[in-house]
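Chemist: Here are the chains, one letter per residue:
Number of protein chains: 2
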Amino acid sequence: MSASPQVSSQATLAQLHPFDPLTSSEIQLAVKILESAFSGEALRYKKIDVQEPLKKDVIPYIEAERLGHQLPPRPARVLQTLFHRLNSGAFCKALLNVDTRSVIYVKELPKHVQGPVDVDEMLAIEKLCLESPEVQKEVEKLNLPPGVTVCNDPWIYGTDDPNENRRLFQCYMYIVAVDHPQNNHYSTPCKFSPVFDGITHEFVRMDYLPAGVDHSVMATAPWKPVKTIQYAHELLDTPLRTDLKPYIVQQPEGPSFTVDGNLVSWQKWRFRVGFNTRDGLVIHNVTYEGRNLFYRLSLCEMTVPYGDPRKPFHRKQAFDVGDVGFGVTANQLALGCDCLGHIKYFDGWRTDSKGEPVHLENVICLHEQDNGLQHKHTNYRTGAATAVRNRQLVVQMICTVANYEYIFAYIFDQAAGIELEVRATGILSTAPLDNEDGQTVPWGTNVGPGVVAAFHQHMFSYRIDPAIDGFENTIYYEDSVPMPQDDQTNPFGCGYVTEETILKQSGTANTSVDRHRVFKIRNDSVINPITYKPVAYKLQTSPAQMLLMGPNSFNFRRAEFASKPIWVTNYQDDELYAAGEFTNQSRSSDGVEKWVARNDPIENKDVVLWHTFGLTHNPRVEDFPVMPIEKVSVMLKPDGFFTRNPALDVPASAQSFNQSTLHQAQGADCCSHTAGSVADRAKLYKRIE
Amino acid sequence: MSASPQVSSQATLAQLHPFDPLTSSEIQLAVKILESAFSGEALRYKKIDVQEPLKKDVIPYIEAERLGHQLPPRPARVLQTLFHRLNSGAFCKALLNVDTRSVIYVKELPKHVQGPVDVDEMLAIEKLCLESPEVQKEVEKLNLPPGVTVCNDPWIYGTDDPNENRRLFQCYMYIVAVDHPQNNHYSTPCKFSPVFDGITHEFVRMDYLPAGVDHSVMATAPWKPVKTIQYAHELLDTPLRTDLKPYIVQQPEGPSFTVDGNLVSWQKWRFRVGFNTRDGLVIHNVTYEGRNLFYRLSLCEMTVPYGDPRKPFHRKQAFDVGDVGFGVTANQLALGCDCLGHIKYFDGWRTDSKGEPVHLENVICLHEQDNGLQHKHTNYRTGAATAVRNRQLVVQMICTVANYEYIFAYIFDQAAGIELEVRATGILSTAPLDNEDGQTVPWGTNVGPGVVAAFHQHMFSYRIDPAIDGFENTIYYEDSVPMPQDDQTNPFGCGYVTEETILKQSGTANTSVDRHRVFKIRNDSVINPITYKPVAYKLQTSPAQMLLMGPNSFNFRRAEFASKPIWVTNYQDDELYAAGEFTNQSRSSDGVEKWVARNDPIENKDVVLWHTFGLTHNPRVEDFPVMPIEKVSVMLKPDGFFTRNPALDVPASAQSFNQSTLHQAQGADCCSHTAGSVADRAKLYKRIE
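Those protein sequence lines, which keep their order, are chains A and B. Mapping to the UniProt record's numbering: the first sequence position 347 is 347, numbers consecutive. Mapping to the UniProt record's numbering: the second sequence position 156 is 156, numbers consecutive.
Rather than coming from a laboratory, the hints here were simulated on the basis of the structure. All C-beta atoms, glycine included, are put in the ideal place defined by N, C-alpha and C. Treat the hints with care, as some may be off.
As the list claims (entries may be wrong) - To be clear about the criterion: a stretch of chain A counts as covered by chain B if any three or more of its residues have a C-beta under 8 Å from a C-beta of chain B, and this derived list gives those stretches: (1) 478 to 486; (2) 641 to 649.
As the list claims (entries may be wrong) - Within a straight-line C-alpha distance of at most 25 Å, the following computed PhoX-like cross-link-like pairs (lysine-lysine) qualify: (3) A:K631 - B:K245; (4) A:K533 - B:K227; (5) A:K55 - A:K127; (6) B:K533 - A:K227; (7) A:K268 - B:K533; (8) B:K631 - A:K268; (9) B:K631 - A:K631; (10) B:K268 - A:K245.
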């Protein structure tokens, strides 16, 4: 390896904030460093991104910012890269120091480790599949009418063989009956599915999909034409609704937020919008009124295993963060489509396979919304009312993972709460089913002729790195329990209290609806002067069914994070992803389940709280051909952190500010020949009496 | 009793729809009928309202409406009245036939039956308390400084004595340290609480409140002045936020709904907005695209028991529907304060104690809202996206029950879902606590100096009277369960299916998060042509901790509905309220627990589904002096009712329609001396490199 490229200016680099996302120049610099290090050997780039800076180095920096002190030197700016050496086929990871323009390390990863799918690779496999003679031979058997073609979605392969070291893709194939950029091929799945080697580009095997009610498969037969169930407006067989009137959000004085680089200030909040190719949106360094709340928030992993027990569907288990990356799949958002009002967009960068920077425009959006009332009280004696509306700040990212869409939003409110809202939408992953004679399967829902959508789960891991008034916190939970019946202490049997359980060692915990279990994060060294208890935030969990797949299944072994709703670890740099660093074709998890096993003491330490929540999604036919959003939400709320309602000083809701419109009865003038309003009727009634 | 008053016109009465709320003329008519029936004997009116019409009479009427057939005669219009005969003191209920202007029956209710509190009574008791010599004597002991006075909230008494037949009120007393219409007296509770007889107006007893950490009480001592914690903007000790910019909803073409009397049409929905003094807002006769969905929806009861085990707090158990009534306590809403956009208000009527109609203006509001995205899909190959926004119709009522506020909204969406959203806000019910030396109690939270807010529960009963494609339905639940591991049927251990349990007899069921239990309502006689299964709607429950009070407590015995999340009964007229008809000072429930005990067959019958959900509310100090909303929500969603996503035909979201604004970087022009945006930095970085 040769020396690192010349450094022309350190001063400019110093302007980057430790939490700033990757710049295009850094991609170019990384390529330069690696080209230099490998003396021009041919490399294929999979990933170039910012490495999360070391926490111990960042804390002095952000604390100086928060307190208005002189800034210490910025922590080292480090890039993480994944690439293949084309000569040897070795898959490598390298860390690069941007400040010194040098390689920190290069390591060749074990043979069984597969990196995530990248965009160029996905497109290449798709093309490979379509051009494969074996596939074309199979397609011929379909005997498709003129104008009808096929397409494919290359799927990450999943795992069913611990000795498989090849990088494999399972292509699910579909009939394209309508030539339109939004044709819904998921409505017309084929019954065969070729497997390819992603490195050698070899055809590996043709899998045939069971399309009956049992495990048997059949040879490919001519396609029986069936109408595609379309979602695109141009392709619908019904007219669009014409009675929806415009609804316009106006902010004549502009938004209430300000943005400086990636630093967002809104009401009493300050935080940094982070972005990387894996997590996509990350929230860094959240403070409220200058007090520390959270070091980092991220939806750090998810898995979607399917409940169809039949081969090859058992391998359908996406890890959308680790296998692909939400940064890579984030939609480039369009003004007026994805949000209303005054909208700020943030961009991102990724590399392509050649090391060229790719600009990801508008991948994160920021806007305000009104969410009804925040608090209200009317003094019934005087009629005097205080009503305050619930303005919120939404930071949002929308990811398309092949068929499916996820909408992730962090919603900041004026009462110091942060909601993580996840909306699932997009198109169900489908499979063929010969259902014209009324066939159904117990693990799926018929969503159209010849097509079934299998039951599946969406299991999310929300990584919460807290900093409640400081970086050493304690995690505990409180249950609400009846007091024992007792003539002295609980004579009427109505008493109830809370029972506190502190998590003293890294480990797991269950949610409990029946005990109204609430998880809290507190700072034992800061006592609230009103409650006389340590200041705390609570996590309002989203209790959910955990992973349904049995502990012997690969689905379970690869996603242990999805078997328990709460995990608590002692903070360690580089422990960011619940299922581990490499999930694609993983044989087992290498994440939270390993880290909690250290049995670290975690009381009053730098802890990380991981909340697994999810949706058991047994599709409705109404979820097809595109799914109305299904929403899950998790809240972080102050609980004894302030001395009173922090939204007290939000001005009252008033017509002068909001300019609403009163509805005038439309029937009053023109419809006297039909039944009028109740008021009219009442008048009539009175007059005649 | 004399003959009924003369009827001047039947034709006009016939114009009232069976579900129309009470008119002022009907109040006057009811008074005339009763005056006539009792030959002018002095009556004190408690309630005059429309009696829910007999379902068997209504169905032919609404079915004729739905199908466009000639209407049959309107079902008899019947009023329900509650009144005291002042001569005898008897508490009576009478049903009156409006059409024939005659008494259907009058019955004297048993001595222990207490009707709900009415507005005149509440004000009278409040005055009685303040003027009581016993109370004044006690207040004197407080030795209040000049300008400082007391006030009281008369509370329904609750129950701890099965032999108590008196109508009692427990007055909780507070210091009024600031003379202002929105002074927050709940911040400064007194330590004594007089009890009065609501009929004789006698002073019954002075209760002293435990203000330490045990059950002991003390004689009244001079008040130690303490600062009131205020919520009203004028009384805050901090300035208001000045950085919140206006957010205006404009609907230049008007709303997308039309209203004819109480009939609302919006998108493909039609329903009737009902109103009565007890339920407040009721939703009648919900259809979608002309198909029946629900006969009636109502938040029919709730109870709020407190967890402080000490006398007299054990009697604090409000039944806000049965003890008072959401119609009576509904706020008269103000344009631009409670909702944004284009707003239609509905009025209501109640009687006062003299039988005079009282106009309740703007007690229900109707408006549209935008709730983000409804569905989106991007074809990653072509980049072509379909994005549809989630317009909703909100029907809302806000009730003030002394200190607390509830915001109830039925939210109709374009994908045929109905959300019942409950927001709790207002002021915590407080108690005195001598906490200046750091005292805390295990059943409450200190929310200020000298004041504690006890743990409590809000348990709601949502009464769902379904009509899924017809009036005979079956209730069942589905659990998601792993398939047994089996080499043939589940060789990879990933298979899971649903397990169905039909409720064949009236009874109860539990929710189950761990089994992802979903309750469904189906019509066995209508088969979905795509799924091959009966059409159905699902109830997305809100699993919650049930009542914490033990089965021997009066709190439990009076509110058995709150001990189980799901109740299913065979429909019977007059079974509308989960805890029974009379809840005030009730000794035990007389509601769902009795009706399910009939063990009626309920498969494929006219059934009613009651969902108990709630909040275990262990107050945060942040909930004081006024509480940021705490939200609970229950969804009704089609599940195999349609053949595809019913919102497919909603037009796409487009900038031309939505007119959003792009945020321009504010730092770009004026802040070149500070750190610019990332894009700026990246440019700099690039240039220097």
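Chemist: For every hint, state whether the structure bears it out.
Modeler: These are the hints, each one checked on the structure:
| no. | hint | result |
| --- | --- | --- |
| 1 | 478 to 486 | holds (count 6) |
| 2 | 641 to 649 | holds (count 9) |
| 3 | A:K631 - B:K245 | 29 Å, violated |
| 4 | A:K533 - B:K227 | 21 Å, holds |
| 5 | A:K55 - A:K127 | 43 Å, violated |
| 6 | B:K533 - A:K227 | 21 Å, holds |
| 7 | A:K268 - B:K533 | 53 Å, violated |
| 8 | B:K631 - A:K268 | 23 Å, holds |
| 9 | B:K631 - A:K631 | 14 Å, holds |
| 10 | B:K268 - A:K245 | 14 Å, holds |
Consistency with the previously given hints fails for numbers 3, 5, 7, ordered from lowest to highest.
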